[in-house]
Amino acid sequence: MNQHQSNIKFLEFIFIILFFVNPLHSQSINLIDENTTVRVLIPEATVSATWRSSLNFNDDSWMTGTGGIGYGSEYDQFINIPVGDKMYNSSGTPDKSCMVRIKFNVTQEQILKARKLMLYLRYDDGYALYLNGGLISSNNAPGSPKYNSLSTGEHNSGTEPEEFNLIYNYLYEVYRSAVSILRVGENLLAIQGFNLSADDQDFLLNIKLVLEIFGEPPLFESSNLPIVIINTNGSEIPNDERIIADMGIIDNGPGQRNEVTDQFNGYNGKISIEVHGSSSVSFPKKSYNIETQNALGNNNNVSLLGLPEENDWILYSFYSDKTLMRDVLMYRLSNLMGRYASRSRYCELVLNGEYAGVYALLEKIKRDKNRVNISNLDADDIQGDSLTGGYIIKLDQPDPNNDFFVSAYPPYPSSGNQIRYQYHYPESDEIKEEQKQYIKGFIDAFESTMDGPNYADPDNGYAKYIDEDSFVDYFVLMELCKNVDGYRLSAYFYKDRDNKGEKLHAGPIWDMNFSLGNAGYYGADSTKGWELDELSLGTLIRSDLTLPPFWWEKLVREPQFANRIMQRWQSLRSGILAKNEIEDLIDSFADSVMEAKERNFKVFSGPGDAGTGFWVTPKIFYSFNTYQDEIDYLKQWLNDRMNWMDENLPLLTGIGENYINNIPEEFSLRQNYPNPFNPSTEIKYQIPTAGLVSIKVFDILGREVETLVNDTKEAGYYSTKFDGSKFASGVYFARLIVKTTNSKPVVKTIKMLMTK
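Numbering (our numbering), first residue to last: 77 to 832.
In silico lysine to any residue, SDA-like type, Cα no more than 20 Å apart, as pairs: (1) Lys540 x Arg573; (2) Lys815 x Ser770; (3) Lys179 x Asp136; (4) Lys832 x Val807; (5) Lys442 x Gln369; (6) Lys604 x Ser744; (7) Lys678 x Phe697; (8) Lys179 x Thr140; (9) Lys346 x Arg318; (10) Lys512 x Glu523; (11) Lys630 x Glu544; (12) Lys540 x Asn530; (13) Lys760 x Ala791; (14) Lys827 x Arg811; (15) Lys576 x Asp461; (16) Lys579 x Asp535; (17) Lys222 x Gly209; (18) Lys824 x Leu616; (19) Lys760 x Gln747; (20) Lys346 x Asn374; (21) Lys445 x Ile390; (22) Lys695 x Leu616; (23) Lys508 x Val482; (24) Lys576 x Arg447; (25) Lys695 x Arg717; (26) Lys630 x Ser491; (27) Lys678 x Ile105; (28) Lys442 x Arg408; (29) Lys516 x Lys579; (30) Lys832 x Glu782; (31) Lys827 x Phe803; (32) Lys512 x Pro474; (33) Lys827 x Asp620; (34) Lys711 x Glu657; (35) Lys442 x Ser363; (36) Lys445 x Ser379.
Everything labelled a hint here was simulated from the structure, so no lab data went into it.
Between the sequences and the hints, there should be enough to build the whole structure, so can you do that?
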């Protein structure tokens, strides 16, 4: 193509951007969310059918609350209104159902602009849902439900909700007008939940209703950020295969304005593109994998936005993170600690002529001299030292395109779950059998050592297999941000050849959007507690298919390793993790997107609005009104988290000779270990003042089964053991009560699981 043809093509592309655009964007409005008031009844007799159709039905005597309704430990994270005392009966009778009424408002403009009416529902076991009296959706529901009807089938809810577009009539497979099912003003959603039996161990209704409407996009002419313009030439971007597209980048340098009409000067050529992510593929704002290509369609290593040359990149959307920085902030901290993580550059995206929001251009995790700098492993490297590296493996969601090997050890004793190490480099379709067997054998040897009695031996223990400092830094980063996916998802490891460093390294870190207080489950929003404990030992995660390997818990509590963590933490706290340093870093990211965020949040949900996708968002987020609210929360959360780690890292091993005589600052009953257990487990607790201490164990029905402690104790750290050999498998509760002379009794409770 000559220069004249290139200029014509560029002008045609700009014409499309400026004039041939779709003027409509989708905006999301939460009609029902975790903060919406709900009315709940567990009926004892027939209820008038008007309960599901009339706004004027008298429900004053019904229970009132917000959030999910149900019972059962596996659903604790979703339940705000417990109904187990009213629905559950160990005798199996009488049968009960659950009726829920929720009122919400819609304007005429919203109804007329309705694009989708999305129901996000978690349920166990059946339901019938009515909107203004009409049956809209149901599953496992009897034909004519009665007040005591049971579910017609079993259905266990997963972590993610099921999605239904209520404007789509699934029975007749046609779309219906929102006008036909919504009213201007006040509306009524009624849902009846059905359990499998009266003695069923769990029940759940967790509802969110989101109206997606068409709205006007912002006028986008220029930005202080680089502008990325992609044209797919009329093709939809799939999430399971790549398509070819054109991409141009406008980057006039720091401090310069970038106009959408400027010439492409950062890139101008072909790419392949697909939707990036797993659970995030359903978000309205997508992330994308892109590959830069030459005219022949081959990989083309180029530098984009000043990042080192490569051909694989990610345009990351930040949809679930309204600070627009959690991922890039954690990657930058990793870089500052001397650990490679993806470098990033902010940009704004125009996709097929439409403004698509603020993005970060990220480096994909790859073996490369500028990324994961390990030896190239060719197909003929199947013996000798060349066979020993380099490798990249990961723990992640199951992927049919990724081969894996299974650990010989479950994530916790008696678990039926598997730990699956996926091959990342070489890729599954390139790695040779000898290479598979080598890296599997290496991990097997490491895990076998960790399972043995001499795992801490300085010569033949874990230190023989792992680069300790990289594992220390990984632990520090995961715990600093309480990454709910840490240790178990997007968890990478790499190993170079023996002659270049024979040990396994932890990292690079990846996928940090549900961190730093941005997830309302598995304890991730609290600034207290070790996330590793919650993900490894917590009862709520037991139903999850992805858990950390067993050796993480043993490793971080081994005294020498724990001492390394403590020394590293103290060094970081006087440097890059000092309060002023980390807040300056947050401010620098916020300043970068200060202008662009306004455009982004006109198109996509902003502060105070979790948007569609219905991830479990901490309740405090719904109180935010501005971007500054998000930033203030992030700073405060981090400061509180670092202060907690300052106080608790010395106690990580449970022995801490330099600290064992310290007086605790608060009452605490720690999660038992191991948990689940068979048949015995250890329970640690601490009291900051002398008092009468009682620890009793109760079964799931609230019956006391054993007293472990009943004595006066001085302030300090203590532990006791519970031997469950004479009891049946199941859920038990340990309750600590401390009576002091100067205050009310302190009560702490933990949930324990015994599996035989």
